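Visitor: Chain by chain, the residues:
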Amino acid sequence: MSEDDFEIWSLAVTFVTLSFLAVGGVNALVPEIQRQVVDVHGWMSANRFTDFFAMSQAAPGPNLTVISIIGWVVAGLPGVLTTNVAFIAPTSILTYFLSRTWEKFRKARWRMAIQYGLLPVTIGLVAASSYVLSTNSGDGLLPVLITGTVAATVYWTRIHPLILMAAGASLGIAGFV
Amino acid sequence: MFLRDVVMVQPAEVAEAPDSDVPSLTKLFVNFFFVSIIGFGGVMPWAYRMVVEQHRWMTSEEFAEVMAFSQFLPGGNIINFAVVLGQRFHGALGSIVCVVGLLIAPSTIVIVLSTIYLHFGQVAAVHDALGGVAAAAAGLILAVAAKMAKPLFTRKGVLPLCCAAVVFICIGLFRLPLYFVVAAVAPVSIAIAWRQIR
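Same order as they appear, the protein sequences are chains L and P.
Under my numbering, the first residue of the first sequence carries the number 1, and numbering increases by one thereafter.
Under my numbering, the first residue of the second sequence carries the number 1, and numbering increases by one thereafter.
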């Protein structure tokens with residue numbers, strides 16, 4: 001097996017595993033993707049991962065496009081196809097076959113228990129993602145302040161997220177982060 | 001009676017009637033493609049506009065129901081949503097067409113951006129700007145967590161909050177592997193929910 005083949009397989013295995021852990025979507029997965037991509041496989045530095053994640057958030061489309069960037073950086077176009085298929089196909093197939101069943105058991109106690117029981121887990125994961133991303137994004141107190149301010153603004157007002165990201169970028173360029 | 005049916009009920013029914021024509025695969029693809037390009041900061045609100053308001057492929061209630069299901073299952077929730085919508089009209093082929101339509105443009109865009117970045121990443125300003133964007137993006141994500149946590153504060157006592165806190169500490173602070181943490185906490189959390197449901 002050549003080195004390229006090996007990288008492709010590593011990508012495939014990593015992202016199939018990640019996809020099943022993604023309760024709450026990519027937002028819940030930032031710490032684990034970083035652990036895999038930076039610590040386990042050494043595909044990039046933590047700094048670079050944070051930059052790429054920021055890029056995928058600022059660009060249009062679903063935020064899971066960060067997986068396309070990882071595939072591209074590690075193994076070019078075959079890498080992109082691998083990460084996307086590995087991350088999306090298994091859970092999509094699950095969704096496809098469960099959607100009718102789930103509908104049918106709308107009032108079942110086990111269904112409600114699973115649905116309500118997973119909610120706290122998802123909330124914990126999503127909050128942890130926010131924490132890891134914020135502490136990665138720069139040194140000192142300012143990233144935390146930006147994160148807190150943006151969170152409060154989004155929670156209590158209807159300002160468009162893109163305006164807040166532009167504000168974050170300006171503060172970054174001004175050298176505050 | 002008859003007159004009232006004609007004058008009042010009928011126009012309302014016409015306005016509320018869902019788009020009975022089954023959209024073609026091309027139409028689904030084109031619509032998801034456009035929604036993905038304009039969907040800055042999340043595709044969801046735009047998907048709602050497209051599916052419920054523009055084309056009436058689903059009612060507002062159906063949309064909420066399918067979205068809750070998509071969120072609960074693993075994987076990207078807008079992806080899962082596209083799978084279900086495509087399935088309704090064209091089965092597996094419909095699902096594939098919707099998902100590909102949703103991903104192809106944004107993936108291309110970020111690949112181009114990351115290539116530019118790899119050439120100019122040494123420029124300090126680029127890294128600084130992205131640092132600021134990452135901090136702001138972390139704020140958006142935190143707001144999502146806060147909105148999801150709202151029902152936990154209004155009922156159900158303190159145990160579900162403890163589960164959320166344990167997950168946060170294990171993953172955020174100690175950086176433990178996700179599968180260990182989820183495998184340990186999820187069953188406990190589901191058992192708590194099971195007992196609370198009457």
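Rather than coming from a laboratory, the hints here were simulated on the basis of the structure.
In this text, all values refer to a predicted model and were calculated from it rather than measured experimentally.
No residue lacks a Cβ here, since even glycine has one placed at the ideal position from N, Cα and C.
Just so you know, not all the hints are guaranteed correct.
Claimed, not checked - If the Cβ cut is set under 10 Å, some of the chain L residues that face chain P in the computed set are:
#1 Ala12
#2 Val13
#3 Arg48
#4 Met55
#5 Ile114
#6 Val121
#7 Leu162
Visitor: Run every hint past the structure and note whether it holds.
Guide: Going down the list of hints, with the structure as the test:
1. Ala12: Since chain P brings no Cβ nearer than about 16 Å to L/Ala12, farther than 10 Å, the hint is violated.
2. Val13: Violated - the Cβ of L/Val13 stays beyond 10 Å from chain P, reaching only about 13 Å at its closest.
3. Arg48: holds (8 Å)
4. Met55: holds (5 Å)
5. Ile114: It holds, given that the least Cβ distance between L/Ile114 and chain P is near 6 Å, below 10 Å.
6. Val121: OK, holds: L/Val121 within 10 Å of chain P, min 5 Å.
7. Leu162: This hint holds: L/Leu162 lies near chain P, its Cβ roughly 5 Å from the closest one there, short of 10 Å.
Hints 1 and 2 from the list above are not met by this structure, while the remaining hints are.
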